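Each chain is listed here by its residues.
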Amino acid sequence: MSATIRRAIAGLGVVALATTAAACASPTASSPSASQAPTSSAPAAPVNLTVVGLLPGATPEAQKNLANQVKLFEEANPNITVTTKEYEWKATTFAADLAGGTLPDVFEIPFTDAKTLIANGQIADMNDQLGEFPFGGAFNPNVLQYGQGPDGHAYAIPAKSVYGIGLHYNRELFTKAGLDPNKPPTTWDEVRADAKQIADKTKAAGYVQMTQSNTGGWQLTVATYARGGQMETVGADGKATATLDNPGTKAALQFLKDVRWTDNAAGSNFNLDWGTINQAFAAGQIGMYTSGQDVYTSLVQANAIKPDIYGLAMIPLEGDSAGILGGGTMAAVKAGSSDDIRKAAAKWISHWYLSRYTSEKAALAFNQQAFDDKQPVGTPELPMFSDANLEQYRTWIKPLINVPLDHMTDFTSKIGAAKILNEPPVATQDVYAALDPVVQAVFTDKNADIDALLAAANKTAQRAIDKAQR
Amino acid sequence: MDSAQHSARRRGPLTWVRGGGLTTVVFALPMIIIFGLFSVWPILRSVVMAFQETNLTGTAKWAGLDNFAWVLSDPDLPIAITNTAYFAVLALVFGFPIPLIGAVLMSEVKRLKGFYTTLAYLPAVIPPVVAVLLWRFFYDGAPTGVFNQLLGWIGLGPFPWLNDRLWAMPSLVLEATWAGAGGTVIIYLAALVGVPGELYEAAELDGAGIWRKIWHVTLPQLRGVLFITLILQLIATAQVFLEPYLFTGGGPNKATLTILLMIYNYAFGASLGSDYGAATALSMMLAAFLAVFSLIYFRLTRSWSQS
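So the protein lines, in turn, are chains A and B.
Going by the numbering used here, the first sequence opens with residue 1, and the numbers climb by one from there.
Going by the numbering used here, the second sequence opens with residue 471, and the numbers climb by one from there.
Hint data in this document are derived by calculation from the structure and do not stem from the laboratory.
Some clues are possibly wrong.
[As the list claims (entries may be wrong)] Straight-line C-alpha distance at most 20 Å; calculated EDC-like pairs for lysine to aspartate or glutamate:
#: 1; chain 1: B; residue 1: 531; chain 2: A; residue 2: 125
#: 2; chain 1: A; residue 1: 467; chain 2: B; residue 2: 536
#: 3; chain 1: A; residue 1: 459; chain 2: B; residue 2: 546
#: 4; chain 1: A; residue 1: 467; chain 2: B; residue 2: 634
#: 5; chain 1: A; residue 1: 446; chain 2: B; residue 2: 634
Nothing here was measured: the structure is a model prediction, and the numbers come from that model.
Put together the whole structure using the sequences plus the hints.
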């Protein structure tokens, strides 16, 4: 990646998603008209399009729902044949798939990876296709910018809900431990106390975090932001500097150390990544953990969680500069794809990801299908277009919402006021990778020296940042 | 006809074809093509890539020795080398004698030999990933974990297994030994069949017991096989990847970070995989080391294995 691009990302920096939230909170934000059904020029010849499907291990109901959506799409677009492929974005497998050419034509990427993929010429320019959609201009520009190249063209399309990280908790374990499931913790001290009570009373892990495949660093960044820390700072020259040894990270690690070693409330398994922690949580082995607010959908589809046990709370924020790490998923098309593939891809992205936000008919059709197939409908999300649009969308689907929203009010009532922060802008995954061992050390070594561990991790991260900025 | 004329006719193309030369080539061709395409070509590409900066999509840039310098200055490299050597030593201590003892004992067994052989080989039939996932379940560090419960019955544990710096690597070696022993046992059993029975008879006439027969007859007769399996094991352990990748991802806190895992992390650890150059540079260095090591090994052991 060129230094220019890196500087551009850095310049957008921490404020972009914060601006997103601010824009979304504005009641005057423009909303696409419900009558503006997505349109796109059709491929000239019959096209076989491969797209990402569900997570590996998705329930039969989820698979049936996807199959039905594919059928609806193919009926509406007779010259496009869609083949779905199981897909779970993982830092450690995505690059292999990308390099090996085994990704489907349409695939999903995190917001933060889009700029690098564009700079590397690894995803197709979708600007022509985007312009044909009525809602193309109605994206919140602060969301759309993640997928735009230095030429201003749209390459990656905002696809899945923009999220903030939430505190997920098991209401059943709360009750068993004598805690009130309607009063989740609001400070880190309360999280620690509740975790200890859960561990003491139920033998489950009270609180634990992900540790592997860069997710340890990801969630440590969440905990750092919640305490007002930052993993990188960007100087006036646009150069990023690693600040992994900031007070927020130290406090976050000390918290983990206390939960693990003083309270013995973190359980006994510290080989956890995004998938395995979800699995353990759904199985009732974990009282609380942090992850994206939208993880409920996956917990149902891949882990068959019982809705009654699920609760979502706001992460405790301490200090004026504290905020919530945000993110989201974009849809991208392989570089070098033909015009027809890109046209077909735009139609699919529109149908599968976006049409529900712009057309009541599509919103109802999509969610009715999901509802009939017992899939989660109405999982909380941050607005992708505007606050008004999200409200409108949720009004459309209100009769179909089947997720336990009353178990999520702590989060949904507070998220609007929270500052949403971006991931570290430069060498993001390398920074996370440098932090994984630190989290593992704190969980597995009673005498872990937090200062020394962070000093070493900071050097590793700075090395990667310097290389990325060369 | 003089001998020169005779020789010329013998070397002619037609004679070569009639002599089966073409058939040999035709039979060998699929193997040569497959080997060339899937082994030689990737190796050559790797050598080139070690001197490039590439993301495999755009145009590669020549990077000189930058990738090698980057790898050699990585603070994780000494950790990975130490861990890999530690794995190799542990695998040698546990993994080398166990199959040998097993094979010798099995060769002495008169009844149910097939049953024991099947039992020993069974782990080799289980797909490695499945085996690791199974053992990961066994290694649950909670008191209710399978191994911890079993050991608890005899008053041991609970042990943290994969969740502790000291325990993690031996836990990996234990599974690797279990998984790999079966194949080696079969090799030893086959070699044992080749040991002439007269040698045992002679030893018995000289009053040798079972241990003396093993020490003075079996082991010397297996010497060649032992040297080969030893070097194969050393090369395999230097390239250990599956166990640390699937069990621990190199953790906790780099306790099981091996050279191969480091190569993988260079190439694929960051989601956008920008370090294929560093990955192939480290691969080249490892390959060079193993080649030199193998040469020295064979040079040192040549006289022993032939005597």
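Here's how the hints hold up against the structure:
1. Only pairs whose Cα atoms come within 20 Å are accepted, and residue 531 of chain B paired with residue 125 of chain A is rejected, the gap being roughly 24 Å.
2. In summary, the hint linking residue 467 of chain A to residue 536 of chain B is supported, as the alpha carbons are separated by about 11 Å, within the 20 Å threshold.
3. This hinted pair checks out: residue 459 of chain A and residue 546 of chain B have alpha carbons roughly 11 Å apart, not beyond 20 Å.
4. For the proposed pair residue 467 of chain A and residue 634 of chain B, the alpha carbon gap of about 32 Å is over 20 Å, so the pair is violated.
5. Distance hint between residue 446 of chain A and residue 634 of chain B is fulfilled; the C-alpha atoms sit about 10 Å from each other, no more than 20 Å.
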